[in-house]
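Chains as they are written, first to last, in the working numbering: chain A, 1 to 162; chain B, 1 to 801.
Treat the hints as calculated values from the structure; they're not laboratory data. Don't take each hint at face value.
As the list claims (entries may be wrong) - Here are the computed lysine-lysine pairs in the DSS-like style, where the Cα-Cα straight-line distance is at most 27 Å:
#, chain 1, residue 1, chain 2, residue 2
1, B, K677, A, K137
2, B, K678, B, K623
3, B, K729, B, K677
4, A, K100, B, K469
5, B, K800, A, K137
6, B, K469, B, K800
7, A, K100, B, K677
8, B, K678, A, K137
9, A, K100, B, K215
10, A, K100, B, K678
11, A, K137, B, K469
What the hints assert, rightly or not - Which chain A residues stay away from chain B? Per the calculated CB distances, all over 12 Å, these:
#, residue
12, D18
13, T22
14, A37
15, L43
16, E67
17, E69
18, L76
19, H92
20, Q95
21, A145
22, Q158
As the list claims (entries may be wrong) - Not everything, but these chain A residues come out facing chain B in the computed CB check (under 8 Å):
#, residue
23, P20
24, N31
25, F32
26, R38
27, C41
28, G70
29, H71
30, S75
31, F98
32, F120
33, E133
34, L136
35, V139
36, R148
All values derive from a computational prediction rather than experimental measurement. We put the beta carbon where it would ideally sit given N, CA and C, even for glycine.
What follows is each chain in one-letter form.
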Amino acid sequence: MATFLMQVNGRSANVTIDDPSTPLLYVLEENFRINGARFGCGLGQCGSCTVLLDGNPVRSCIMPVSEAEGHSVTSLEGLRALDKLPNAADLHPIQEAFVKHQALQCGYCGAGPIMYGYAFVRDNANSTRAEIEQGLKGVMCRCCAHTRMIDAIQSYAQEKTR
Amino acid sequence: MKPKNPLKLNEAGPLSETALAALNHVEPSRRDFLKTAGVMMIGFGLGAATTAEAQSPLNPSGNIDNTQLDSWVAIGADESITVFAGKCELGTGMKTMQIQIAAEELSVPVERITMVLCRSGVTPNQGLTVGSNSAPTQFGNNGLRVAVDTARDALYQLASRWLGVPVEQLVLKDGVFTVSGDPASTVSYGELVQGQRFSLPVNRNAVPNNPSTWKVLGKSVPRVDVPPKAKGTYQYVQKVRVPGMLHGKVVRPPALGAKVASIDSSVLTGMAGSPQVVQINDFVGVVADTEWHAIKAAEALASRITWSSGDTFPNQADLYTFMQQQPSRNTLSVNTGDVEQVMATAARIMTAQYRYPYQMHGSLAASAAVVDVRGGTGDRATVKAWSCTQGVYNMRTILANLLRIPAANIEVVFVEGSGCYGHNGGDPVTQDAALMSQAVGKPVRVLYTRADEMIGGEHYGYPMVSNEKVGLDASGQIIAWDYENIVAQRGEGAAIGNNPGNNIPGYLAGFATTAVIPSTTPPANPATFGNGNNTVPPYVTGSVNGANFYTGTVASQRVLNRVVAGPLWTAWLRSPNRLQNTFAHESFMDEIAASLRADPVQYRLRHLFDPRLIAAVNAVALKANWDTRPSPKLHNPFERAGSGRGFSCYLHQTANGYAAMVAEVIVNESTGEITVKKVITSIDAGPVISPDGLINQMEGQVIQGISRTLYEEVLFDRASSSITTKDWKSYWVLKFGDTIPEIVSVLIDNRNAPVAGSGEVTISIVASAIGNAIYDATGVRMRQVPFTPEAFLAAKKEQKG
Numbered sequence: 001m002a003t004f005l006m007q008v009n010g011r012s013a014n015v016t017i018d019d020p021s022t023p024l025l026y027v028l029e030e031n032f033r034i035n036g037a038r039f040g041c042g043l044g045q046c047g048s049c050t051v052l053l054d055g056n057p058v059r060s061c062i063m064p065v066s067e068a069e070g071h072s073v074t075s076l077e078g079l080r081a082l083d084k085l086p087n088a089a090d091l092h093p094i095q096e097a098f099v100k101h102q103a104l105q106c107g108y109c110g111a112g113p114i115m116y117g118y119a120f121v122r123d124n125a126n127s128t129r130a131e132i133e134q135g136l137k138g139v140m141c142r143c144c145a146h147t148r149m150i151d152a153i154q155s156y157a158q159e160k161t162r
Numbered sequence: 001m002k003p004k005n006p007l008k009l010n011e012a013g014p015l016s017e018t019a020l021a022a023l024n025h026v027e028p029s030r031r032d033f034l035k036t037a038g039v040m041m042i043g044f045g046l047g048a049a050t051t052a053e054a055q056s057p058l059n060p061s062g063n064i065d066n067t068q069l070d071s072w073v074a075i076g077a078d079e080s081i082t083v084f085a086g087k088c089e090l091g092t093g094m095k096t097m098q099i100q101i102a103a104e105e106l107s108v109p110v111e112r113i114t115m116v117l118c119r120s121g122v123t124p125n126q127g128l129t130v131g132s133n134s135a136p137t138q139f140g141n142n143g144l145r146v147a148v149d150t151a152r153d154a155l156y157q158l159a160s161r162w163l164g165v166p167v168e169q170l171v172l173k174d175g176v177f178t179v180s181g182d183p184a185s186t187v188s189y190g191e192l193v194q195g196q197r198f199s200l201p202v203n204r205n206a207v208p209n210n211p212s213t214w215k216v217l218g219k220s221v222p223r224v225d226v227p228p229k230a231k232g233t234y235q236y237v238q239k240v241r242v243p244g245m246l247h248g249k250v251v252r253p254p255a256l257g258a259k260v261a262s263i264d265s266s267v268l269t270g271m272a273g274s275p276q277v278v279q280i281n282d283f284v285g286v287v288a289d290t291e292w293h294a295i296k297a298a299e300a301l302a303s304r305i306t307w308s309s310g311d312t313f314p315n316q317a318d319l320y321t322f323m324q325q326q327p328s329r330n331t332l333s334v335n336t337g338d339v340e341q342v343m344a345t346a347a348r349i350m351t352a353q354y355r356y357p358y359q360m361h362g363s364l365a366a367s368a369a370v371v372d373v374r375g376g377t378g379d380r381a382t383v384k385a386w387s388c389t390q391g392v393y394n395m396r397t398i399l400a401n402l403l404r405i406p407a408a409n410i411e412v413v414f415v416e417g418s419g420c421y422g423h424n425g426g427d428p429v430t431q432d433a434a435l436m437s438q439a440v441g442k443p444v445r446v447l448y449t450r451a452d453e454m455i456g457g458e459h460y461g462y463p464m465v466s467n468e469k470v471g472l473d474a475s476g477q478i479i480a481w482d483y484e485n486i487v488a489q490r491g492e493g494a495a496i497g498n499n500p501g502n503n504i505p506g507y508l509a510g511f512a513t514t515a516v517i518p519s520t521t522p523p524a525n526p527a528t529f530g531n532g533n534n535t536v537p538p539y540v541t542g543s544v545n546g547a548n549f550y551t552g553t554v555a556s557q558r559v560l561n562r563v564v565a566g567p568l569w570t571a572w573l574r575s576p577n578r579l580q581n582t583f584a585h586e587s588f589m590d591e592i593a594a595s596l597r598a599d600p601v602q603y604r605l606r607h608l609f610d611p612r613l614i615a616a617v618n619a620v621a622l623k624a625n626w627d628t629r630p631s632p633k634l635h636n637p638f639e640r641a642g643s644g645r646g647f648s649c650y651l652h653q654t655a656n657g658y659a660a661m662v663a664e665v666i667v668n669e670s671t672g673e674i675t676v677k678k679v680i681t682s683i684d685a686g687p688v689i690s691p692d693g694l695i696n697q698m699e700g701q702v703i704q705g706i707s708r709t710l711y712e713e714v715l716f717d718r719a720s721s722s723i724t725t726k727d728w729k730s731y732w733v734l735k736f737g738d739t740i741p742e743i744v745s746v747l748i749d750n751r752n753a754p755v756a757g758s759g760e761v762t763i764s765i766v767a768s769a770i771g772n773a774i775y776d777a778t779g780v781r782m783r784q785v786p787f788t789p790e791a792f793l794a795a796k797k798e799q800k801g
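My request is simple: use the sequences and hints to build the entire structure.
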């Protein structure tokens, strides 16, 4: 048994687990009841399990829980609180942009494009459409709402710089 | 608005014991609400409760009234309206569309409607959510709209009695009736229904709101499921947890068809999570306390199972030859009986063969289900299943046969999974969880691994060999069309039919798969016209018994459909067979036009009869600034990358949506790399229900269609009888970073036509539009999907030397 301290969506908690190689995703699901990171491939190939580790996107399905120790983890549900916006249960502006553009169909992939889009816009102001597309390289959406996702991220970026 | 066909009301008093018993299947909060709500029940007499259902342990009070299980409109004292319907939300916006129908016909804002979908015993049995049929069904005379209209007309009657004026003097707005000219005289839905229960037969003649007056339908209503999906709070079936639940993993044979020779389960002794083995013939699963423990146990066990060798496969390269050599089950879609005779008079005969591979649904989620089997097997056992199946009632039948538990004792609750595009792993994984739960006597959740999903869970889309032949007269007009398609099948989606053996888990557990039985006599001519699989090309008349039913003008026609037994498991994948057949027809039409140096659009129009298809063709040609000229385009032979444009069009199925498309591509002739730059599509699916929702579906289908056309093919290995495409590296699909084209959608809002489908209409013409554009750019004809760079270079070498 090993105990790991981590902060998930602003809440600090100790997790005691028998196998430190357990992927972070399962701990988020079972210990923290996190809904917004989802199992897609378990191989780090699709992006549906994406969370922010200290603000940067990681694939929680292939990250051992031990590597999250001492770090802050943010899932889709916690994005608004991460930016210290009031009313944590409301949508974050990038999530609002996804709603405005109706950029999710089944939505299962959502953590991938939203988290990568969030971090990309934060780190790359005034990006072109093509740059955003490359910034999301490797993220998957099988319903193929790609064009709307780029629209949403672009309009979020424009709102942010306004 | 006026009541359209007034009904005499059958007031049935307060909610009965039997109705309350049925409500016990609903979540507590909703049950409590419905107990206090008035309920207006509209019965179809379809999918009615059976006697067995009435005697089920799930219904201790016995005696369920048929009408209660059909379709409900429950109206609360707080004026909220709950509607129960049977078409699932698969990520296409179907829930919102059904809310729009109810809000429109009941004249209330969309926020007032709570929609409960797809729960056996609670919602009406509306079959499967498949085949672009959900919108036509819900707008048709067995659908949601007439049920809601029946309720609306009944409410008019009640209001008339309440307010003491004829219905003609009532004005309905936002769920409140007002007497015309007397704004103080009002009564609301909630006041009319509260405390009472009404049970009405559906009035199929109820007149829906006229599309010209639509206030909610026809508008881009934002989807109700998108905000929680964006926030991350939406519950997918992968997140369902129930008390006492264990986690199961499947251990599939490494070779398809391999049998268990021996299992050494001692390896699990002492492993964390108390793993247990479940073995039923060749079905092997492991159940443990957590997902990670179950994964570890399954990995350990997999190395301790000895399997026999698997089925005999063809070589990948020989698949299409193999299919043509198998004995086949044959049917005819059309046969005017004169094809040989007319072909003999032709100035020229053209033939071509097109080939389409096995492809995956490739759902983004690994499929999952939770099933709780109580009491083992037999009449006293019960089952509750949380599943992303496309048919809760069909799944109930399959589980009944799989578990040997009466269907009436089984409840299947639909919970959305990731986009499925047909029968992905959602149905098989429900069977996996059911078998494991029955074995261990506890609720079991099974979540596939990516490889489980891709090689032992989902059934692939059908491969096809298409043999096209036409006769042309001296003017180049087509005078006879002869088409043969060969489809390889193995099994079916679980929600089709009632045989668990047609699905991987049931087959492994010992149920026999329904065999493809080859025909021993020539197929009979069809008695009626149907084009559900788009085997009949758009350019023939669709003649059956001397009457014409289809979109074209070519009178002499024959379409022979051959089904053979194939090596890999198959089921419906978005636009099953319709896409494959249309790839062949629309590529071939382009080849014919090119051979005559005719413009592809003009040449198509010379053979089209249907005004709506012609309008769709013209609309997209106009939007794309179609350059009228023959293909291929003459371009500088020293150019390394040539651009081209391709055309395609069709009518989906017999009468389920028209579409036409122009694709613009760039082909690098030296590397074979194909880039789709722009796609313009027109659609006429009758009245547009939600413009933005329709465009969203069209855009998704364009990109998914590009992925299927350029990249996707299931690969297998003969030596090991196994599938080798088992993750997103080996089975490549379009991802961010790949070229995403500019997409333009042209909506033809045909409000006088019946509502048609739109979930498959666009994707079916993508491969042919791209192939035709490649030909336009390069003069190289792509006759086999996928159009990889290697495939292009091989075709170029073969055709141009």
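Going through the hints against the structure:
no. : hint            : result
1   : B/K677 x A/K137 : 18 Å, holds
2   : B/K678 x B/K623 : 12 Å, holds
3   : B/K729 x B/K677 : 24 Å, holds
4   : A/K100 x B/K469 : 49 Å, violated
5   : B/K800 x A/K137 : 36 Å, violated
6   : B/K469 x B/K800 : 23 Å, holds
7   : A/K100 x B/K677 : 26 Å, holds
8   : B/K678 x A/K137 : 20 Å, holds
9   : A/K100 x B/K215 : 21 Å, holds
10  : A/K100 x B/K678 : 24 Å, holds
11  : A/K137 x B/K469 : 44 Å, violated
12  : D18             : 6 Å, violated
13  : T22             : 5 Å, violated
14  : A37             : 8 Å, violated
15  : L43             : 6 Å, violated
16  : E67             : 15 Å, holds
17  : E69             : 17 Å, holds
18  : L76             : 3 Å, violated
19  : H92             : 8 Å, violated
20  : Q95             : 4 Å, violated
21  : A145            : 6 Å, violated
22  : Q158            : 18 Å, holds
23  : P20             : 11 Å, violated
24  : N31             : 10 Å, violated
25  : F32             : 12 Å, violated
26  : R38             : 6 Å, holds
27  : C41             : 4 Å, holds
28  : G70             : 21 Å, violated
29  : H71             : 19 Å, violated
30  : S75             : 6 Å, holds
31  : F98             : 5 Å, holds
32  : F120            : 11 Å, violated
33  : E133            : 6 Å, holds
34  : L136            : 4 Å, holds
35  : V139            : 5 Å, holds
36  : R148            : 7 Å, holds
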